[in-house]
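Trainee: Could you put the whole structure together from the sequences, leaning on the hints where they help?
Top to bottom, those sequences are chains W and U.
Taking our numbering, the leading residue of the first sequence gets 1, the next gets one more, and so forth.
Taking our numbering, the leading residue of the second sequence gets 1001, the next gets one more, and so forth.
Keep in mind the hints are simulated off the structure, nothing from the lab.
Please note that a few of the clues may not be correct.
[Stated by the list, open to error] BS3-like, lysine-lysine: derived pairs with alpha carbons at most 27 Å apart:
1) U:1300 - U:1318
2) U:1421 - U:1373
3) U:1034 - W:53
4) U:1232 - U:1575
5) U:1258 - U:1318
6) U:1318 - U:1513
7) U:1212 - U:1232
8) U:1034 - U:1201
9) W:53 - U:1589
10) U:1575 - U:1078
11) U:1112 - W:53
12) U:1078 - U:1530
13) W:30 - U:1112
14) W:30 - U:1043
15) U:1318 - U:1236
[Unchecked claim] Anything over 12 Å on all C-beta distances counts as not near chain W; from chain U, calculated:
16) 1119
17) 1248
18) 1319
19) 1537
Using N, Cα and C, we set each Cβ at its ideal position, and we do this for glycine too.
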Amino acid sequence: MENFEPKIVGFLCNWCSYRAADLAGSARIKYPPNVRVIRVMCSGRVDPAFVLKAFSMGADGVMVAGCHPGECHYIEQNYKAMRRFYMLKQTLVAMGLEPQRFELVWASAAEGQQLAEAIERMTDNVRRLGPLRWAENWADDPQREEALQHIVKEHEEALEVIS
Amino acid sequence: MAERVGIYVCHCGSNIAGMIDVEEVARWAGQSIKDVVVSRDYKFMCSSLGQKLIEDDIREQGLTRVVVAACSPHLHEKTFRRACQNAGLNQYLCQMTNIREHVSWVSTDRQKATEKAKALVAAAAERVKHQRPLEQGFVKVNPATLVIGGGIAGLQATLELADAGYPVYLVEREPSIGGHMAQFDKTFPTLDCSACILTPKMSEVGQHENVKMFTYAEVEEVSGSVGCFKVKIRQKARHVIFEKCTGCGICVEKCPRKVVDNVFEAGMGYRKAIYTPFPQAVPRTPVIDTANCTWFTRGKCQVCSKVCPTQAIDYDQKDEIIQIEVGNIIVATGWKLFDCTRIPQYGYGRLANVFTNMEFERMCNAAGPTGGKIVLRDGKTEPRRIAIIHCVGSRDVRHNQYCSAVCCMAALKFGHLVLEKTKAEVYSFYIDMRTPMKDYEEFYQRLLEEGMHFVRGKVAEVTDAARLPDEQGSLIVQVEDTLLGTQRRIPVDMVVLMAALEPQADAKELGLKLGISCSMAGWYTERHPKLDPVATMTDGVFVAGACQGPKDIPASVAQGAAAAARVAGMITAGKVTIEPIIASIDEQKCSGCRICNNLCPYNAIEYDEEKGVSRVVAAMCKGCGTCVSACPANAITGAHFSNEQIAAELEGILWDAIADGRPASAAPDGSKAPQSTPVGAA
Ligand SMILES: Cc1cc2nc3c(=O)[nH]c(=O)nc-3n(C[C@H](O)[C@H](O)[C@H](O)COP(=O)(O)OP(=O)(O)OC[C@H]3O[C@@H](n4cnc5c(N)ncnc54)[C@H](O)[C@@H]3O)c2cc1C
Ligand code: SF4
Ligand code: SF4
Ligand code: FES
Chain W
1 MENFEPKIVG FLCNWCSYRA ADLAGSARIK YPPNVRVIRV MCSGRVDPAF VLKAFSMGAD
61 GVMVAGCHPG ECHYIEQNYK AMRRFYMLKQ TLVAMGLEPQ RFELVWASAA EGQQLAEAIE
121 RMTDNVRRLG PLRWAENWAD DPQREEALQH IVKEHEEALE VIS
Chain U
1001 MAERVGIYVC HCGSNIAGMI DVEEVARWAG QSIKDVVVSR DYKFMCSSLG QKLIEDDIRE
1061 QGLTRVVVAA CSPHLHEKTF RRACQNAGLN QYLCQMTNIR EHVSWVSTDR QKATEKAKAL
1121 VAAAAERVKH QRPLEQGFVK VNPATLVIGG GIAGLQATLE LADAGYPVYL VEREPSIGGH
1181 MAQFDKTFPT LDCSACILTP KMSEVGQHEN VKMFTYAEVE EVSGSVGCFK VKIRQKARHV
1241 IFEKCTGCGI CVEKCPRKVV DNVFEAGMGY RKAIYTPFPQ AVPRTPVIDT ANCTWFTRGK
1301 CQVCSKVCPT QAIDYDQKDE IIQIEVGNII VATGWKLFDC TRIPQYGYGR LANVFTNMEF
1361 ERMCNAAGPT GGKIVLRDGK TEPRRIAIIH CVGSRDVRHN QYCSAVCCMA ALKFGHLVLE
1421 KTKAEVYSFY IDMRTPMKDY EEFYQRLLEE GMHFVRGKVA EVTDAARLPD EQGSLIVQVE
1481 DTLLGTQRRI PVDMVVLMAA LEPQADAKEL GLKLGISCSM AGWYTERHPK LDPVATMTDG
1541 VFVAGACQGP KDIPASVAQG AAAAARVAGM ITAGKVTIEP IIASIDEQKC SGCRICNNLC
1601 PYNAIEYDEE KGVSRVVAAM CKGCGTCVSA CPANAITGAH FSNEQIAAEL EGILWDAIAD
1661 GRPASAAPDG SKAPQSTPVG AA
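Mentor: What follows is the structure, encoded as structure tokens:
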């Protein structure tokens, strides 16, 4: 465990956060190499399925980063990303995922330093938690089964309210 | 048929090679990633030789996909796309991955940096195999332009374009063009008369053969996109027939109903129920204020209709919706004044002789309600001492954090006018004196010499509660003089509050119609704060003047001209390129749930009632992809960022975790992964 280096997938929006990472580079700010970046046009493009997929493929953490609220290149799509993020996070936490493994970060194109700090913080947190081993660990936790059923029930109730 | 992928790892001199074992990355990629037929490292990929390397390989090795691992795509994506295009490969089949800014420059451990670079290269390689050729579209640019807001910024933009021979539609909300500048007496720092420099521009716009003006009108709806916007304008009912009115003004003269003018006269004067805001208004056609006209409120009067020599009055006139088509839009909607009653301790609205800056402007104006005389609220007493308080609602965390940029200079202008017109003593209470533009500091020096008093400190309170005999009947300004380090109470007769410039109340709403965003403070956001100050993130929509942030007249004029130049450039080019990165909906899969419909900030998704499916209007979609990730039926595809492409990217980026079998259990040590299992082989 001592040498454990978490693998974190970072979904960065093209206009702010990806540029923040570019800026961190140009400014030669050093941060841990654990976050691997996937560029999306907007944080609103991050499909919950991408996050689940990343965890199931062996990611120990997932970071979503976008422009500050009110500054999205597409006007307000990061608000939609935010709503989705909290819903998904709640679900994942209910299923037993440690909250530190899934983070939302706002970083403007000028905030290379802030992004680097966020990456550092998240890497430290996840390193402390250890490997996720989601697929393996899934089966041996009876609480998860319960949580899963609870979520399915909530979902059905929500659907009833909508219809 | 399998794709033939070429991988190019750049050294960038020692910028990348100094921290990443680029040879190892290239070697590894060539061996371990499926479908890779060429994998090279090279000193400078962006050099012409580096580009030629790619071009030759495409031609000779029949590459169908290209990955360049180098610097940020924001720097060189275009370069490598062009190289591919030159060799006959569609440019969207080239993928860049950033191993400089995102890896070598931020890392300290060579081995770990190399591992990270491998993961990024694998991700790009997996992704690129799923990329599809895309074609950039073109739209013709309609040479007509819409300018919203007829303040000085909008007027400048209008004239520049009209003089260049292009048609302009100018939409102004008030009955006349002119904006705030029309209300001023003098303008700092030169003290030239505002009307003298503004009104010629106004009449030029009013008479220009290339300008179609809509005053007392607003933008109702905007659709379409750069090159061909469709705009609906609401022409509010004037109740005066524009074509018949000669602007003689007899109706205004005879109208028996007087109303306090809260707009142009800032509440300091009166107008009639039928009115033009000021004598030099353009156009001269008046409007009837139906909320105050006695015919509309009580069914009595009709004097105006009786006296009008051309029968231009029409009480039954209705709002009209006018449709126009334009290629570009310039937004120049300016600012509104901070509401001083929000700072009750300054007494505005409660203490009669506390004035706002705009009230004071009107008072100084020879054509204003007092004929240019500086007098107390009673209309006759000349004040003996006047306090001017800076930063009212600006530089204040409770209201607006920003500096309103013009108030210090306007306060100095007021100081000068007071000293010129009266015998009063005048005090400026400032936090910092901000005079950075051309000739501004000189103007400050001039006021120091003219004898204006300056007290540095934020005023705590303005009160009429006297404590000392000589404070009786005065307004007392309570302030900590931070230069003397003492509390002071300064009795005055009149207080002028330098209220902040704020974004228009409907700035956000109009921004939504146009697809442009506002900053936290509410000003329109430019594309780049330094390098692209008048463009916005929406192609074909430009901003100018104070709607983008507080600024003075010279800066507003400069922006108006700059925006016009940008538009003229677009018109001359004749066509614009349209990025093909947009969403599309598969009608077969769409269930018609309409979840996506409200998600699009550009209203690019329309619903086909007949077929019961949604559809993306390609010209309006900006490609954010939010709808793609929301569709429960997976019916929406985001070109160049499809689910398959991102899933493949994930597979590449986590290749070592996947190859480890046991997810993420060991250090990311590439050598441990079985080399015989190529990434993406599964
Ligand atoms: C007290 C005071 C004194 C000043 N004195 C000076 C000075 O001496 N020298 C100087 O350089 N600067 C001065 N300024 C600054 C000056 O007012 C601004 O620089 C200038 O007004 C900016 O021009 P603009 O065209 O951007 O905006 P504005 O003058 O605000 O014009 C905007 C126009 O757009 C219209 N509009 C708004 N919304 C809409 C809409 N939705 N649809 C259609 N039309 C719309 C408005 O009715 C208005 O006509 C002063 C400011 C203050 C507060
Ligand atoms: S969200 Fe998907 S299924 Fe629903 S209307 Fe939009 S495209 Fe159709
Ligand atoms: S991708 Fe974004 S801009 Fe395009 S239709 Fe979907 S939500 Fe609208
Ligand atoms: S573009 Fe950055 S969050 Fe939308």
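Trainee: Evaluate each hint against the coordinates.
Mentor: Each hint, compared with the structure:
Proposed proximity of residue 1300 of chain U and residue 1318 of chain U is supported: the alpha carbons are some 20 Å apart, at most 27 Å. A hinted pair counts as satisfied when its Cα atoms are at most 27 Å apart, and residue 1421 of chain U with residue 1373 of chain U qualifies at roughly 8 Å. Distance restraint check for residue 1034 of chain U and residue 53 of chain W: the Cα-Cα separation of roughly 21 Å lies within the 27 Å cut-off, and the hinted pair is therefore satisfied. Simply put, residue 1232 of chain U and residue 1575 of chain U have alpha-carbon atoms about 23 Å apart, close enough for the 27 Å limit, and the pair holds.
The hinted pair formed by residue 1258 of chain U and residue 1318 of chain U meets the criterion: a straight-line CA distance of about 24 Å does not exceed 27 Å. Using a Cα cut-off of 27 Å, the hinted pair residue 1318 of chain U and residue 1513 of chain U holds, with the two alpha carbons roughly 23 Å apart. About 14 Å separates the Cα atoms of residue 1212 of chain U and residue 1232 of chain U, which keeps this hinted pair within 27 Å; it holds. Simply put, residue 1034 of chain U and residue 1201 of chain U have alpha-carbon atoms about 68 Å apart, too far for the 27 Å limit, and the pair is violated.
At most 27 Å may separate the alpha-carbon atoms for a hinted pair to count; residue 53 of chain W and residue 1589 of chain U meet this at roughly 22 Å. Proposed proximity of residue 1575 of chain U and residue 1078 of chain U is supported: the alpha carbons are some 19 Å apart, at most 27 Å. Distance restraint check for residue 1112 of chain U and residue 53 of chain W: the Cα-Cα separation of roughly 24 Å lies within the 27 Å cut-off, and the hinted pair is therefore satisfied. Distance hint between residue 1078 of chain U and residue 1530 of chain U is fulfilled; the C-alpha atoms sit about 22 Å from each other, no more than 27 Å.
For the proposed pair residue 30 of chain W and residue 1112 of chain U, the alpha carbon gap of about 13 Å is at most 27 Å, so the pair holds. Simply put, residue 30 of chain W and residue 1043 of chain U have alpha-carbon atoms about 24 Å apart, close enough for the 27 Å limit, and the pair holds. A C-alpha spacing of about 7 Å is found between residue 1318 of chain U and residue 1236 of chain U, which places the hinted pair at or below 27 Å, so the restraint holds. With a minimum CB-CB distance of about 5 Å to chain W, residue 1119 of chain U fails to clear the 12 Å threshold, and the non-interface call is violated.
Against the 12 Å criterion, residue 1248 of chain U stays outside the reach of chain W, whose nearest CB is about 47 Å from its own CB. At roughly 28 Å, the least C-beta separation between residue 1319 of chain U and chain W is larger than 12 Å, which holds for a residue marked as non-interface. Against chain W, the non-interface label of residue 1537 of chain U is violated: not every CB pair exceeds 12 Å, the least being about 5 Å.
Checked against the numbered hints given earlier, the structure breaks hints 8, 16 and 19 and satisfies all the rest.
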